[in-house]
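Turn these sequences into a full structure, and let the hints guide you.
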Amino acid sequence: MVNSEFLQEATERGFVFQCTDTEGLDAALRAGTVTAYIGFDCTADSLHVGSLVQIMILRLLQRHGHRPLVLMGGGTTRIGDPSGKDETRQLLTDEQIAANMAGIRRCFDPFLRFGDGPADAITANNDDWLSSLGYIPLLREVGTHFTVNRMLGFDSVRIRLDREQPLTFLEFNYMILQSYDFRELNRRYGCALQIGGSDQWGNIVCGIDLTRRTDNRTVFGLTTPLIATASGAKMGKSAQGAVWLTRDRLSPYDYWQFWRNTEDADVGRFMRLFTDLPLAEIARLEALGGAEVNEAKKLLATEATRLAHGVEAAADAAETARLAFEEGEAADTLPGVDVPRAELEAGIPAFRLFAIAGLAGSNGEARRLIRGGGARINDMPVKDEGHAVTVADLHGDAIKLSAGRKQHRLVRAA
RNA sequence: GGAGGGGUGCCCGAGAGGCUAAAGGGGACGGACUGUAAAUCCGUUGGCGCACGCCUACGUUGGUUCGAAUCCAACCCCCUCCA
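Residue 141 is where the first sequence starts when you use the working numbering, and the numbers rise one by one after that.
What you were told as hints is all true, and nothing was included just to trick you.
Below, a list of computed lysine-lysine pairs in the BS3-like style, where the Cα atoms sit at most 25 Å apart:
#	residue 1	residue 2
1	374	438
2	546	377
3	523	546
4	438	377
5	438	546
6	374	546
Just so you know, these hints were derived from the structure itself, not from any lab.
Listed below in structure tokens is the structure:
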């Protein structure tokens with residue numbers, strides 16, 4: 141039985157997969173402010189919804205008065221975490237890592253409050269301590285606490301070995317460095333909890349052991365479940381590709397659409413994980429049957445978009461979608477592209493325009509889209525892929541392009 | 001260091017001189033049916049203003065051939081066993 145508000149709500153909302161010591165953690169959470177960290181790889185310059193569970197649990201932690209610590213893996217990204225990957229990752233240059241880190245850091249701003257207060261979120265970069273480690277001193281000081289016997293038993297290692305995929309010695313050391321991180325964060329910030337995806341279990345447990353053995357301090361680990369859709373697909377793909385959290389990668393409108401298209405069976409679960417809506421209200425919405433779940437999906441979409449992009453962008457996205465799908469009108473807030481007026485006056489072949497608008501990845505793909513009957517201009521099906529689109533097609537100041545029933549773009553003359 | 005096996009499109013995986021832009025599956029996209037859902041069925045799935053045609057692509061670089069993903073050589077990488 142858990143009594144701390146945070147752990148209780150985290151459990152009810154579906155954030156908890158495993159915990160190293162539920163009672164101990166619960167007691168610590170009740171005793172005072174707990175600092176908890178999650179590490180983020182700097183392998184891309186933005187985060188997508190695959191990391192949203194981690195971000196949301198930090199947010200929940202902060203809502204309950206505890207302190208989130210975002211650890212940027214500036215150092216560990218130079219190694220590459222083998223967990224959950226069946227192939228060695230391409231090594232990144234230090235410049236790429238630095239650039240990625242800056243991009244990722246920005247993703248947290250809408251979700252967490254950073255500052256100097258007791259429950260304000262803070263960031264750290266493990267490159268600050270990992271890069272200056274000396275090999276021999278590290279082996280002597282930390283290496284003695286790890287047995288190869290045990291390391292070989294970890295899933296991240298075992299999976300590679302079983303699949304006969306290579307695991308380099310570089311990657312093999314990842315868990316040692318992550319363990320070092322936990323101990324270091326405990327020393328520097330009093331961090332007592334590491335949270336991570338379920339594939340991080342082994343790495344987290346190692347860190348707990350190391351901290352106990354060398355510092356005689358008790359720290360805790362908590363993992364979140366892997367989030368898949370009800371039909372079993374990995375979550376986080378949209379027609380445009382990955383569902384990024386930043387608007388320069390994916391517009392708030394498309395972000396809203398991603399949530400709007402949630403499968404029926406996932407609505408309740410996703411609302412619990414990805415919105416701040418009260419559990420009682422979610423329970424009510426979840427009970428809606430048949431086509432009524434669409435109301436719940438709209439709320440899910442608007443709430444999730446509000447968290448990532450703000451109230452205004454969320455309301456705009458909801459209204460844009462309402463006009464497009466319920467009134468059949470093209471709101472001028474639909475994502476769009478500008479095309480030089482002169483080109484439009486000269487006439488642009490339809491297939492070309494769909495590619496320019498980003499509704500097709502290449503001219504050829506656009507041609508196929510048109511041949512397949514999935515392309516519309518101003519809601520009129522396109523029959524001729526080479527048909528010249530001109531200023532005469534402007535409705536108001538824009539041309540509405542549609543790929544399929546769901547993807548719409550506006551083309552404006554500039 | 002030695003012996004054997006292997007590197008194919010987004011992924012898995014077949015192909016073993018021309019019929020191969022490369023079977024099959026998955027994924028993705030489009031169509032039908034719906035509720036902007038799922039399931040199902042159908043279609044599409046390298047690039048190019050794409051009827052013809054040209055270009056790029058079966059680890060890399062060369063070679064043999066009228067013709068190579070397929071044969072040869074060297075190299076790189078991976079796996080297994082031995083040392």
